[in-house]
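Number of protein chains: 2
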Amino acid sequence: MEKMIYYFGEGNKDMKGLLGGKGANLNEMKNLEIPVPPGFTITTEVCDAYYKNDKKLPEGLMSEVKKNVEKVEKELGKEFGGDDPLLFSVRSGAAVSMPGMMDTVLNLGLNEKTVKALIEKTKNPRFAYDSYRRFIQMFSNVVLGIDMSEFELILDRKKETKGVELDTELDADDLKEVAEEYKKMLKEKHNINFPEDPYEQLEKAIEAVFGSWNNDRAITYRRIHDIKGLLGTAVNVQAMVFGNMGENSGTGVAFTRNPSTGENKFYGEFLMNAQGEDVVAGIRTPQPISELEKTMPKVYKQLVEIYKKLENHYKDMQDMEFTIQEGKLYLLQTRTGKRTAHAALKIAVDMVEEGLIDKKTAVMRIDPNSLDQLLHKRLDEVAKEKMKEEGALLAKGLPASPGAAVGKVVFNAETAKEWADGGEKVILVRTETSPEDIEGMNAAEGILTARGGMTSHAAVVARGMGICCVAGCSDITVNEEEGYFRAKDLTVKEGEYITLDGNTGEVMKGEIPTVDPDISGDFGKLMGWADSFRKLQVKTNADTPQDAQRAKDFGAEGIGLCRTEHMFFEGERIKAVREMILSKTPEERKKALDKIEPYQQEDFEGLFKVMDGLPVIIRLLDPPLHEFLPKEEEDIEALAKEMNISAQEIKDIVAEMHEFNPMLGFRGCRLGVQYPEINAMQARAILKAAMKVKEEGANPVPWIEVPLVGHVKELKLIKEIVEREAEMLGVKGKIDYKIGTMIEVPRAAITADEMAEEADFMSFGTNDLTQMGCGFSRDDAGKFLGKYVEYNIYEKDPFQSIDQNGVGKLMQICIEGARKTKPDMHIGICGEHGGEPESVKFCHKIGLNEVSCSPFRVPIARLAAAQAAIEDEE
Amino acid sequence: MEKMIYYFGEGNKDMKGLLGGKGANLNEMKNLEIPVPPGFTITTEVCDAYYKNDKKLPEGLMSEVKKNVEKVEKELGKEFGGDDPLLFSVRSGAAVSMPGMMDTVLNLGLNEKTVKALIEKTKNPRFAYDSYRRFIQMFSNVVLGIDMSEFELILDRKKETKGVELDTELDADDLKEVAEEYKKMLKEKHNINFPEDPYEQLEKAIEAVFGSWNNDRAITYRRIHDIKGLLGTAVNVQAMVFGNMGENSGTGVAFTRNPSTGENKFYGEFLMNAQGEDVVAGIRTPQPISELEKTMPKVYKQLVEIYKKLENHYKDMQDMEFTIQEGKLYLLQTRTGKRTAHAALKIAVDMVEEGLIDKKTAVMRIDPNSLDQLLHKRLDEVAKEKMKEEGALLAKGLPASPGAAVGKVVFNAETAKEWADGGEKVILVRTETSPEDIEGMNAAEGILTARGGMTSHAAVVARGMGICCVAGCSDITVNEEEGYFRAKDLTVKEGEYITLDGNTGEVMKGEIPTVDPDISGDFGKLMGWADSFRKLQVKTNADTPQDAQRAKDFGAEGIGLCRTEHMFFEGERIKAVREMILSKTPEERKKALDKIEPYQQEDFEGLFKVMDGLPVIIRLLDPPLHEFLPKEEEDIEALAKEMNISAQEIKDIVAEMHEFNPMLGFRGCRLGVQYPEINAMQARAILKAAMKVKEEGANPVPWIEVPLVGHVKELKLIKEIVEREAEMLGVKGKIDYKIGTMIEVPRAAITADEMAEEADFMSFGTNDLTQMGCGFSRDDAGKFLGKYVEYNIYEKDPFQSIDQNGVGKLMQICIEGARKTKPDMHIGICGEHGGEPESVKFCHKIGLNEVSCSPFRVPIARLAAAQAAIEDEE
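Residue numbers (my numbering), protein chains in the order written: chain A, 1 to 874; chain B, 1 to 874.
Excised from the complex, chain A in its bound form:
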């Protein structure tokens, strides 16, 4: 530790790690000759040393503090604890903003002596005593750990005695008495002599700020916001300035642009004769910043100059705090302003057009995750707040799929479909959803489930469909049979209206107005820039022409994953599928498959047409067959009747198909090894569809993908089945098809050099690769994964963001092996991770060719891919 303290101006904005965000910017503003009250920053290294030193300040720190205090004294001509008393604020400030999480002490330096000196100097006893009692209160709370309520009690008693309601109605004498009573209470109740020595006050305040770095709420905040790798907090000791010294004093907050809309217009509010905490307390209503021009035109002009200087200097929208003390303007803070997704987009694009930043910077400025908000319908916030105030909020679940949904409640997929076909807007409410609900889910405006996490069936399917979903809403209990759900003490019946907010997980009674997504020109512009930088191809996961079209509109460059089984559930098909599963001989099975084939062909034709000229990766049948069989007694009976066999027979088959670990069971290419006729049918349907679409003048590019391959010989075997069909159909040389493999089984990744001998392309199924690689069942891990993330064993839920260190290494081993055999092997990723920005960036880094994700995540992936490429360049 070379240097423990930076006097403002000794540091600069790039020293956030050492000085914290606030400190670095105070230093920078000083360098820019912007008026900031003098002071100094104690570095985060000192905080680190404090903790390493068993919570003791490092030796020599206080003598350094004294030197810097003396510099401030000299600069202001005041004296710390003297006759023209210098007062300090002592504030925390880490490299990453953690608003309200750590402690602050204001007015430090006041004592029995200096409070009188302050009166002498300001001729304002009320101001002085008010400052004094505030200081005692704050210091006692922050430094001495005394509960705030003990002080409030004394203050309330005083107001009662005086018969007034507001603090402002107490006069100087009252406040003096209050201060005295505070100190008396400390002495009598806690045996504490409130420290008189300003340096003792300062030392204790510095310690307290360091201590607050590891208070519970700060730790929680860092965990929730995934803030890691910081040394600690810096401490900013700064001369106090007062906005409450009369009518030519004031305080305010301003943004260089509108943080809600992004409009390039100075924005903010201020309050005359007030301190920052008065603004927060909300007792007086602040005025818009434009009013300041009338009240104090000179100060306003200076503030405008400053904000322009700051924005120009930082090249980003700034959020500033200022205080006017007796007509003199001071900037207390500047930082990059938070903004809505809409504002972020507009500001980035505007700044490029203003020549302030370049396109790369603009692309880097947008959080890819925030794009989700831009692509979906959202609730009218004002209306929502109003209805919530009226008690509309029923429950809160997980924000499983973004957007908003308003509709009538239904409790099963059939009703959802029926009502939606009849023109109703419906919300499907279920304890949990299953693949049989697909059609109903598709028909609904939104989905609400009582169980299941962010990767539950409902959540995954809804995100794929771009439908708003609130999942795992344990506040509600659903009674599907009787058609109602309960939340709190309310019962919501079939047909009643509810509103879902997929961005927050809120469930509300009634209809709340929505706002359509506003994909203005700015969106297109920014995405265009992003595309010009990115190297990764972005494809989509889509099973229907509608999804494919939507994804293409969002910029998808083909289909990276078409799950053929999703097609198996629709309408009449499921009957033939079940017939196929219940077949006892290959002949029976073939007969049933012959019925499915035309449906499949039709589906593929639709996809090829939409994706004209772009690759369509079609995965052969993947899930365990028992997923297609009914589970409920009545469904089994219905099927039995239809198939003309006994219900018991079906139950026996279901029982026989039961698996202990279906995840590791009879599915994927194992189905094709056992029943080659299934894959043969699918190959025929794909290739015939391609031929037909080609005859119609389009250019189909089918890539056939084999799932759950673990051994190259499995791939070879399935490939032979496909090639045999291709041969028989005579498509060789006419259709440019490829045959590739999913990489989901760790063994496949490990033996990628062998796999590459047979595969034309590869695609990581990172969901399954995570399940097998980490040994977590996605369906069960909910029971223990919580503790894992809490204990920081996995930094992030590995099902949400690729476990780069583990699963990611498997991927790298795979890529290396595959490209050793085929240097230009095309490798991609599909599934949930393909639309998660950190994972997309990882995919870029390890040299993948493509990512594929659900349609609504396509823009997110495009942007993340661009950012990865830009970061790479840098």
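By construction, these hints were calculated from the structure, which means they are not laboratory data. Be aware that a few hints might be false.
One copy or two, either will do: identical chains are not told apart, so a pair holds if it fits within one copy or between any two.
[To be verified] Below, in silico cross-link-like pairs of lysine-lysine (DSS-like), each with a Cα-Cα straight-line distance of 30 Å or less:
id, residue 1, residue 2
1, Lys716, Lys56
2, Lys584, Lys713
3, Lys651, Lys631
4, Lys783, Lys631
5, Lys425, Lys204
6, Lys845, Lys820
Using the hints, position chain B against chain A.
Relative to the frame of chain A, chain B by itself:
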């Protein structure tokens, strides 16, 4: 293909790949100047070319054949198809013996002309016509594909007409007529003119032998015996000699030593005036070889000289075929003789002591798998055969654990325990076993289950305990409640005697005498030699002092895996375990754990005492907790009563604990992350046991092992729990304990460099590593893994022998990573693979330090490890 044919003497014994075993040895015998009928070998390369050439003989082959035939003609002074007719045998012969699987044609060269010449020459028309009709029959069957029964019909009719019973009772004229009728039948029924041209006969016979390489039974044989990588079969064309030319002719088979006992004494049998097939037909009883000395002393003396020469030359016990034609001895074949496990051991040790081979060769001569037979009780074969003839055989299942068992049938674990305690020998018969049956299994002589494969619970546990087990015996149906099982039409009730043969899977009614294992001095000698060569340490999987002691007697150098959960089931403990699981608070859980702790400590004390001075690897609790809860209604009720809660409450907890994929669920170290108090209790029990045993003067070496680790931070967390207990108990510096990790999760293998930072040692759990690495649930894979092995996707069942190419690569990645961090990291393997010879050899190859296996597999592992080291040297 340089050379298509080797005239006997041109090749040698080392050319088995090219000439087949038979051909190579015929060539070698010629070189040794042992009398073999002249002939030549067509190479396996020709067979390969035949198949590559669309099943056509390569060009020029027949002209080469002709040249070689002429050489034989010259050598013997006979003529193929001539007046002194030369006849040939045409036999297959691959590099690996496949007895009876491929085709042979004898007496080739006979036709209407040569049969008469043969009569002229031999003056023996009956011999000539018998040879002729045999040739027609054999050729027609092998080459022309005519069913044997068609010839038998004609022969039977002839015997009927003549009123005789035996072929030998037919005279020359009869046989001549038979031959004529054969040819007539071929012509009339199949429109075939039987080929008269000897060269046409020869060409077709050669083709037929090549063709038989890929007949169904040969393919099946190769699959079953895991024979791979051969080019094809060779064809041996050899001049016929006849053992049936009168009383100074004969034929026989002999072994240079006794193949049953290994005794160094010439052994074999012969039949005068007979052909090889007569011996096989069993119509006449052959005489012991010693009788030949009396019958033909000169020939006998010559044969003794030859066998000594052969054994000395081959330096191994030989199995020879010979024919005496009119007083002249010919050797037709020599090969390494098959022998029993007992004989193999004796021969190897004897030969070392005779100075014939060195110790390394002796060690390499024993099949490690065969040791299993030597270590277990076995059935008296003679008595068994007799009882089987009397109809004792009830059913046949999988030979899941070797040995033999005789006892009274019981149908539940409690009865087994009870009866065994009362001095009865019992066999536990169940549909399938579960962990709750452990005590009963331990008390039983043998175990019989109707369901489950070679790796089912019953099989794994029985092998571990060294108890005979027949599993997956689908021929029986078990009614546990009513106390009987049915097999065929028989019912076997509780208390009736049955006998199990664990080496064959046979289940027999009644009591069959057994023979105790005879681990004579030879066994100890050979294992001593093995130990002097091996590099791998061999430890055992053992959970009880008894198992540990047995394993130590078998040479185990410590415990490589103690599964603590096995201890949880015994007696009163399970109650406390269930109490622990049903606990609602950490306090309740601690209270229950306090009850378990003394039991655990006692267990560990026992193990430390037995393994005094040797490491004992103790794995912390691994299985999902729901495994400890009862499943049956009545057990639930009993538990509810005992715990004073409602049955419904227990059912709810069981339901809540249900997992979709328990294999990938809440188990292993995940239990300890969630409930640290469990691992803390186990750590205390281990360390307190070590302290106690140490105080008693022994030297405990506890290695504590964390299961199912996927992330280094899990290991770190559990390690901290253990270290905390160690600290509190004050064992630091007193007990030399280590803390290591299982490597079962692919992620752990991939990140071994990180794991090694925290682990003192590592042990592969290859069962789970295979499940996750290959994505196979061991409980479910039975449904599809059959096809996988059939299609040769996996060469061997990866749960039986390590999948070296896939899972093995993961292991190699792990070892490399771990030793990068800690160059001397101790790495082992435990579980089923640790006792499988191929897997043990692989473990040696990749540089493991130890293997651990069930007690009865310890000698197998020791021998396999020695062989691996010797192979490595070479």
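Going through the hints against the structure:
1. Only between protomers do Lys716 and Lys56 lie at most 30 Å apart by alpha-carbon distance; the minimum there is 28 Å, versus 67 Å within a single protomer.
2. Taking the shortest Cα distances, Lys584 and Lys713 sit within 30 Å of each other inside one copy (27 Å), while across copies they are farther apart (50 Å).
3. In this assembly of identical chains, Lys651 and Lys631 lie within 30 Å of each other by CA distance both inside one copy and across copies; the values are 9 Å within and 21 Å between.
4. Taking CA atoms no more than 30 Å apart as the test, Lys783 paired with Lys631 passes in both settings, with 24 Å inside one copy and 21 Å between copies.
5. Proximity of Lys425 to Lys204 under the C-alpha cut-off of 30 Å is found in neither arrangement, the shortest distances being 62 Å within a copy and 81 Å between copies.
6. Taking the shortest alpha-carbon separations for Lys845 and Lys820, both the intra-copy value of 18 Å and the inter-copy value of 25 Å come in at or below 30 Å.
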